[in-house]
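Trainee: Letter by letter, the chains look like this.
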Amino acid sequence: MRIAVLRFPGSNCELDTLYVLRRVLGVDADLVWHEAFDRSGYDAVILPGGFSYGDYLRAGTIAAHSPAMGEVRSMADEGKPVIGICNGFQILTEAGLLPGALLRNEGLNFVCRWVSLRVESNKSALTWLLPKGAIIRLPIAHAEGRYVNERRAIKELWRNGQVILTYVDESGKPTPGANPNGSMDNIAGICNEWGNVVGLMPHPERGSERILSPFGSEDGLMLFESMISFKDGRDGRCGSI
Amino acid sequence: MLELMYSEHCSYKSSRPILKILPKEGPRVLVGPGYDAGIVDIGNGYVVAFKIESHNHPSAIDPYNGAATGIGGIVRDILCTNCRPVALLDSLRFGPPRKGRTKWLLKYVVKGISDYGNRIGVPTVAGEVEFDESFETNCLVNVACVGIGRKDSVVLARMDRPGDYIVLMGSSTGRDGIHGVTFASKAITAESEEERPSVQIGDPFMKKVIIEATLEAVATGFVTGLKDLGGAGLTCALSEMAFKGGTGAEVELDRVHLREEGMTPYEIMLSESQERMLFVVKPEGLEGVLEVFRRWGLPHSVIGRVTEGEEVVVRYGGEVVARLPARLLADAPIVRRRARRPRWLAKMLRIPKPKEPKDLGRALARMLSSPNIASKEPIYSQYDHEVGIRTVVKPGDGDAAVLRLLEDPRAIAVKADCNSRHCLLDPFNGHAGAAAESARNVVAVGAEPIAAVDCCNFGNPERPEVFWQFSEGIKGLSFMLRGLGIPCVGGNVSFYNEDERSGRAVNPTTVVVMLGLIEDLDWVTTMAFKEHGDEIFAIGRTYPEMGGSEYYHWIHGICGGRPPRARPERERASMAVVKEAIREGLIDAAHDCSKGGLAVALAIMALKGGLGADVDLKRVPRSGVGRLDELLFSESYARFIVSARPGAARGLKALARRHGAIVSKLGRVVDSPDLSLRFGERVVRCGIGELGRAWGESMRRYLGEL
Amino acid sequence: MAKDPEGETIERDLIHRGGYDSIRAVRSGKYLRMLVKAEDPGRAKEIVMRMCNELRLFNPVVHSCSVSVKSGGGKGGRG
Amino acid sequence: MAKDPEGETIERDLIHRGGYDSIRAVRSGKYLRMLVKAEDPGRAKEIVMRMCNELRLFNPVVHSCSVSVKSGGGKGGRG
Ligand SMILES: Nc1ncnc2c1ncn2[C@@H]1O[C@H](COP(=O)(O)OP(=O)(O)O)[C@@H](O)[C@H]1O
Ligand SMILES: [Mg+2]
Chain A
1 MRIAVLRFPG SNCELDTLYV LRRVLGVDAD LVWHEAFDRS GYDAVILPGG
51 FSYGDYLRAG TIAAHSPAMG EVRSMADEGK PVIGICNGFQ ILTEAGLLPG
101 ALLRNEGLNF VCRWVSLRVE SNKSALTWLL PKGAIIRLPI AHAEGRYVNE
151 RRAIKELWRN GQVILTYVDE SGKPTPGANP NGSMDNIAGI CNEWGNVVGL
201 MPHPERGSER ILSPFGSEDG LMLFESMISF KDGRDGRCGS I
Chain B
242 MLELMYSEHC SYKSSRPILK ILPKEGPRVL VGPGYDAGIV DIGNGYVVAF
292 KIESHNHPSA IDPYNGAATG IGGIVRDILC TNCRPVALLD SLRFGPPRKG
342 RTKWLLKYVV KGISDYGNRI GVPTVAGEVE FDESFETNCL VNVACVGIGR
392 KDSVVLARMD RPGDYIVLMG SSTGRDGIHG VTFASKAITA ESEEERPSVQ
442 IGDPFMKKVI IEATLEAVAT GFVTGLKDLG GAGLTCALSE MAFKGGTGAE
492 VELDRVHLRE EGMTPYEIML SESQERMLFV VKPEGLEGVL EVFRRWGLPH
542 SVIGRVTEGE EVVVRYGGEV VARLPARLLA DAPIVRRRAR RPRWLAKMLR
592 IPKPKEPKDL GRALARMLSS PNIASKEPIY SQYDHEVGIR TVVKPGDGDA
642 AVLRLLEDPR AIAVKADCNS RHCLLDPFNG HAGAAAESAR NVVAVGAEPI
692 AAVDCCNFGN PERPEVFWQF SEGIKGLSFM LRGLGIPCVG GNVSFYNEDE
742 RSGRAVNPTT VVVMLGLIED LDWVTTMAFK EHGDEIFAIG RTYPEMGGSE
792 YYHWIHGICG GRPPRARPER ERASMAVVKE AIREGLIDAA HDCSKGGLAV
842 ALAIMALKGG LGADVDLKRV PRSGVGRLDE LLFSESYARF IVSARPGAAR
892 GLKALARRHG AIVSKLGRVV DSPDLSLRFG ERVVRCGIGE LGRAWGESMR
942 RYLGEL
Chain C
948 MAKDPEGETI ERDLIHRGGY DSIRAVRSGK YLRMLVKAED PGRAKEIVMR
998 MCNELRLFNP VVHSCSVSVK SGGGKGGRG
Chain D
1027 MAKDPEGETI ERDLIHRGGY DSIRAVRSGK YLRMLVKAED PGRAKEIVMR
1077 MCNELRLFNP VVHSCSVSVK SGGGKGGRG
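Chains as they are written, first to last, in my numbering: chain A, 1 to 241; chain B, 242 to 947; chain C, 948 to 1026; chain D, 1027 to 1105.
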């Protein structure tokens, strides 16, 4: 398994993600400059968090036109894991690799805090090792994370098991109070039909070590481990062990 | 150009003789005051660079861009030592929060810091916010940055090898900010809002790219000097670098990449356009360095070379337009100012004691809702405090932020503090208290305080009363730092923070940023009570020191009385006990007593842990305290509250004896959601829920949704 | 069209609180002014229109965009 | 005029990279569309103008603001 972590100008979390992959999980991972990305030799690609191009115009818009995105698209078509975290999620929606849009938080402010999330589907490359209904804790940090799509399209996502994570309260309910940004249906992460292209606003790389978690959790690791053992999304089943 | 170089901001013409008394030496000090940032050796081949700076005037005019460019400036100061910026802190001061102007200022200052700091990927991990009438016209926005680097690759802001190339990198040069420095040294007047050209606009995206490209360029090994362009632009940077390296320089202004047409040489030399860095590069490495800039898409121009001699020669269109001895520029004359104790002070110190409220439980709940005490979560949740995956103790969870070193298994702690009302009533003791409080804060999270930087904010130093505050303040700061054995490795002075019309100056405010080192990650400690049954201890003695307290101000509407006295030997003793108790694994929570005193400290530890506490106030070590409200809310220094598993008492007592400190068991952490503070018959009782609402929700209420 | 919390907040917390009750609705948006070199205004508009779509200067899922031309001067595209 | 890093970045990294070289300058800004109840367009403009200044819908230190009216329809103030 060899993972590419893309670096766009303005990316912030590429070194953090690399640290977790290499030092915590012990997998092979490279930092790849967006203009130099060649997918051959890589089994998965991560678009990390941050503010590519300063989030000018809209979060992720300018990066979505990067030359790297052609290669990313090919990897998506090949059924390989394509993971967008935070800004990466925004880039994937702007590039049309995931449906919908991420708009400015309802509260209008940047929000940085730990949230509880419920695993709604284990169809995706990031969640297939987790039981449906599991509650995990990860931090969020974004100003434009309000997931919006047409009602019909969202129904479709639910039906296909493409909604993978929702913001929930302590008791596991997707209440308005638990929704940090006004996302429709409290959606925190989605995947494509095959489950190999995944976008989520929370930061698994910030929630992969007990020392960083106010709850002593390391739930981010399970998401990365899912990705690592995910084989091929094209048959619609998630990876085989 | 001379006017600019001599303005207060650049050359410290009236403050230098006073600042000289601060302790600067210590075994860990690598670079002390005089360079862009102080640099401290933390061992194992690593250094920490840190520095604080004020951006008060720009923020009062344009809070969003003023605060944002403040972050931009302080980050450059750290970056140009070749350390990676890993943390930001913000110390903010405003007028009373109900005022419309305060809301406007606070909202956009926070937004400016949030938009800029978050975008450059440097977490804002700690800070403080104080509200007081004196800051209504002149808000204070102080920002600090901390960086980590390798000791063997520190670069300094100087040019010392004739023949090296001088490269200007980053944003193009425009007319913005011309005369920004002279502006920063002026009082705010009615016309200030019209002084547009001085407002600068930051570009966090460009800055983020500059950070990465700079670190990469220096890693080539060919960069011999590095400086950011701040006040007075190229003029200041070139002359300072040449002066420090004992060289001269020759530059051609035609080569500078410009944003606007028709700029004169004078404007180019003085532009304060943001996001620019000056590199000095060995000739054989020039191409490699430029290649890094090209890959990151950063504009740059090779503007000249370092020369023998001591002259900065500036050419434009083939002609010499300026020829300036570096020494003259950087070495401003010193002005000696008169100092006089303000006459009004005596009256303020001698005020009658207010009556004790009947219901002290209600008073405590009200104290927690004071904007100076209430949770600042609505502010720090707008800052990305996690990026970099170093933040082990996050804002709100401990007295200081703790950042682990990814490079080795240790951590650093940082916090900025000052109680400006104490400083107003007694600049000497108040400033000593600021140093002590920031040190206590890093001790409480498990660190050893190793160095400090300070940021002085005062009124017009030409007024003898203000200059007295300043010189007394620095004496007090120096007294405490020397007493604690902590060097001051850098600082910043901002004068003229006053309203010209009313002559009202800000409270004298020297913010102290303390850096602590934690050798073992197991020592990291937070303030929340951990488990019911834990025992609660007070460390240090309480005196009836109510002057300038939050209790007097918020409950009784008074600003007066004698503030707490600074007692370095007591601070040392209390800190030693906490430090060692943490190392021995004796205690599981620690919090210092500051604003709001003992009662507020206990309440917050309980709230944070979601647990109650049962405390016998008769056991609080005290001296001369005759009233219950004084016991609860006195702001005496040198005190901590800690909690421990049962059985730790003996160990704590032994530590106290060894260090000459005083420790007393006050009570227990309990399961029920009540804070109960007993003094014989009298019981002050509050529900944790009520206290939690007062503390947790009031900031949002004062400000509407922030 | 997607909800516009910024416009709503400006309307509620700023404008109505400030007593400007004749303002009945507020929508916030982004505004780009561009200087375009083109033979004529019609052609300029065409270029900008195409660019807006191709480069996704707006996100069609949630935004609408309109372009207007001022010849000799600026040009505005709003998302 | 104040610097506009957003406009500059959009121009450089999106528009010029996308090959749209006839775009010579880009400035970004905020745009508010308001529905105003007023006797006539002139009066509407007046209300909005006054409000922009009084409620600091823009900060005169760094922004400029212009108001234009479409009667019967929307109304735009740009900061
Ligand atoms: N402006 C701010 N920015 C970031 N963090 C802040 C800010 N203000 C307060 N905090 C955080 O809130 C917590 C409480 O701060 P403060 O009230 O100053 O505590 P103390 O009085 O114990 O020094 C700390 O963790 C501090 O870092
Ligand atoms: Mg404290």
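Because the hints were derived from the structure by calculation, they are not lab data.
Just so you know, even glycine gets a beta-carbon here, dropped at the ideal spot from N, CA and C.
Fair warning: there could be bad hints in the mix.
Which residues of chain B face chain D? A partial, calculated answer using Cβ under 8 Å [what the hints assert, rightly or not]:
1. 302
2. 393
3. 394
4. 395
5. 415
6. 442
7. 446
8. 447
9. 638
10. 922
Trainee: Going by Cβ atoms only, is residue 302 (chain B) closer than 8 Å to chain D?
Mentor: Holds: closest Cβ of chain D sits about 6 Å from residue 302 (chain B), inside 8 Å.
Trainee: Per the CB criterion, is residue 446 (chain B) less than 8 Å away from chain D?
Mentor: holds, 6 Å
Trainee: Residue 638 (chain B) was flagged as interface toward chain D. Is the shortest Cβ-Cβ separation under 8 Å?
Mentor: Given a least distance of 34 Å, the restraint on residue 638 (chain B) is violated.
Trainee: Less than 8 Å between beta-carbons is the criterion; does residue 415 (chain B) satisfy it with respect to chain D?
Mentor: This hint holds: residue 415 (chain B) lies near chain D, its Cβ roughly 6 Å from the closest one there, short of 8 Å.
Trainee: Does residue 922 (chain B) pass the interface check with chain D, least Cβ-Cβ distance below 8 Å?
Mentor: At about 55 Å, which exceeds the 8 Å cut-off, the nearest Cβ of chain D leaves the hint on residue 922 (chain B) violated.
Trainee: Would the hint on residue 394 (chain B) stand, with a C-beta cut-off of 8 Å toward chain D?
Mentor: violated, 30 Å
Trainee: Against chain D, is residue 442 (chain B) within 8 Å by beta-carbon distance?
Mentor: Check passed: Cβ of residue 442 (chain B) comes within 4 Å of chain D, closer than 8 Å.
Trainee: Measuring from the C-beta of residue 447 (chain B) to each C-beta in chain D, is the shortest one below 8 Å?
Mentor: holds, 7 Å
Trainee: Interface hint check: residue 393 (chain B), Cβ to nearest Cβ on chain D, cutoff 8 Å. Holds or violated?
Mentor: Given a least distance of 35 Å, the restraint on residue 393 (chain B) is violated.
Trainee: Less than 8 Å between beta-carbons is the criterion; does residue 395 (chain B) satisfy it with respect to chain D?
Mentor: violated, 30 Å
Checked against the numbered hints above, the structure violates hints 2, 3, 4, 9 and 10; every other hint is satisfied.
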